[in-house]
Amino acid sequence: MGTALNLSIHQRLLLAASLVLSAFLGLTGFALDKAFRSATEEALQARLFSNVYALLAAAEEDQTGQLKMPEVMTDPRFNRPDSGLYAQVSGRQGNYRWQSPSSLGRRLGFLRQMQPGESKIERFNLHGSSAMVLSFGVVWEDFQGRELEYVLAVAEDLKPLREQVAAFRDSLFLWLGGAALLLLLVQGWVLRWGLQPLREVAQALTEIESGRADQLQGDYPKELNGLTSNINSLISHAQARQQRYRDSLGDLAHSLKTPLAVLQAVAEEESDNPRTSQETLREQVERMNQIVSHQLQRAAASGSSVLTQSLAVKPVVERIAGSLDKVYREQKINWVLDVAEETLFRGDEGDLMELLGNLMENACKYGDGHVHVQAQTGRDLYLRVEDNGKGIPRDQFETVLQRGHRADQQLPGQGIGLSVAADIVAAYGGRIEIGVAEQLGGVAVHLHLPGG
Amino acid sequence: MRVLLVEDEADIREPLAQKLRKQGYTVDSAEDGAAGLFLGREYGIDVGIIDIGLPKLSGIELIRELRTLDKDFPILILTARGNWQDKVEGLEAGADDYLVKPFHVEELLARLNALLRRSGGWSQPVLSGGPVELDTRTQTVTLHGDPVDLTAYEYKVLEYMMLHAGKVISKTDLTEHIYDQDWDRDSNTIEVFVRRLRKKLDPDERYKPIETLRGRGYRFALER
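So the sequence lines, in the order shown, correspond to chains A and B. Per this note's numbering, residue 113 is the first one in the first sequence, and the count goes up by one each step. Per this note's numbering, residue 223 is the first one in the second sequence, and the count goes up by one each step.
Incorrect hints may appear among the rest.
Have a look at the derived ranges for each label pair, beta carbon to beta carbon [to be verified]:
{"#": "1", "chain 1": "A", "residue 1": "381", "chain 2": "B", "residue 2": "428", "range": "19 to 27 angstroms"}
{"#": "2", "chain 1": "A", "residue 1": "378", "chain 2": "B", "residue 2": "241", "range": "53 to 61 angstroms"}
{"#": "3", "chain 1": "B", "residue 1": "366", "chain 2": "A", "residue 2": "509", "range": "44 to 52 angstroms"}
{"#": "4", "chain 1": "B", "residue 1": "413", "chain 2": "A", "residue 2": "377", "range": "55 to 63 angstroms"}
FYI, nobody ran anything at the bench for these hints, they're computed from the structure. No residue lacks a Cβ here, since even glycine has one placed at the ideal position from N, Cα and C.
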């Protein structure tokens, strides 16, 4: 649909249905009308034939063998003047002419010359009104055995027939029109009823926009369920992210207070030892830096969303390995990248890079030249990064993941990378575990991310 | 060693340049990508420090330009955002290492040192040739384990020669990589440094650590 005709769904359906309905009813009316007209015409023709036979049956012959029609016909319409039914008989031999009494005072003349056995039906203009005429040629064998040829013709005025057809048409269009109107009304109501859920969704969205509701409530037809549940999860995703931003901001402000207080103390102190002041400054700046970068990472992790695209894990792993190869050129990292082409991650590319970058760099930094990255897709996406370093003591598995959360007590080292990874995994509703690498003997980090 | 420093923030660039000069580096600094490209193209740079967010020509673009010009000196990128997308992009563009801002100058110096050694094909911070050992971290030289007293310029000349041990180094190379651009480039002073180095490293003229190739330059000739 072009921009010129921007109709609502309701209008479109109504317009289309009305067009179809009127076309259907129009064609029906036309077909019924045509059928009725030809039926009445056929009936008329049959009647004309039976009239001719009746004339023949009523005919007698006089002494000369000439045809003689009765004074009074059995069909009263032949007797009553201007009845609309007229008959005419003429003989080919001699000058026999006969007209039915109904033609009193009229000049007929619709009779045609016909061969015996021949018949013809035609229209004829009888004194200004149209009539249907049947001319019928017969051979009459008189009592002397002579064969005399006659033509019998019967004409019936079409005016009554026309009136009948017109009456039929009137009532036909009245009924069809009435039915059309009724159907349109019903259809309008059906459309309103059918589109009601859409209007309700729009209304509910307005409610959310104005802040009166925070989810799409209520039962919707199953065609809309996908849409409404997607909208709901988008909304909750946005809310969760907003909450995370708010939390991070709060944490950030809060955790910066301590180093700021220390700095203020240093600034106000009448220092007799500039070296210790400088040392304190340095420590606090380092601490603030770690706090800021940790909170930034945490807030930036976008987390999974219903509508995020899936992206291939393999190229990301390869790019990071290629980059780390440069940085750790001297260690000559021996990579084993066990990632299938079709392994997919549902989420943001930046998050995946952050996740793998931190874990793979840790493996390069704390391992001893051997790094094994594995990815598998089952119901979830499973990622594993292993190295051949000294590993992490068993009793510190948990604390090393937790360390990042105590931002103001953060220590440099493996913990930062791991806690960033843990934050991202949490944002996706996944799981992170630390263990011992079975083959390489160093650290093994296992990640389970939903919906791989 | 000549360092190209491209950083738009003067409060970072100036103190850093000063620190580097104090460490014996010759520093060419620029405040935007275009000026950085000019310096990188015109001078014999040994190592580059390039910030990613630069005006006129971004750090990434600058690195790409330098690499297409066949400038293969190692490059360290500085990034404020510190996310992996930036790091990977920079390393893929042709950088060799990265450092996230804010950083400790000590760490930067250690990385520069490592990059320079790597570009000369050394994997250890201590460069050795015959009885001569040069520690790039402490900037000290020993002969048979005994310390040798060198002036700053003598050390610079020896370090450059040992880093490129086995390769012919012209006097122009030496002046370019050791002097600031506005200094007097008198090749005689190089000859003086070399003569003094020979005297200090090989007083008995037994090892002949520095060869003179007539008309071409010098070569550090002792085996690694």
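Do the hints match the structure? See the list:
The given range of 19 to 27 angstroms is broken by residue 381 of chain A and residue 428 of chain B, whose C-beta atoms sit roughly 60 angstroms from each other. A beta carbon spacing of about 23 angstroms between residue 378 of chain A and residue 241 of chain B contradicts the range 53 to 61 angstroms that was offered as a hint. A hinted range of 44 to 52 angstroms for the beta carbons of residue 366 of chain B and residue 509 of chain A is consistent with their spacing of about 50 angstroms. Separated by about 58 angstroms at the C-beta atoms, residue 413 of chain B and residue 377 of chain A satisfy the suggested range of 55 to 63 angstroms.
Hint compliance for this structure: hints 1 and 2 are broken, all remaining hints hold.
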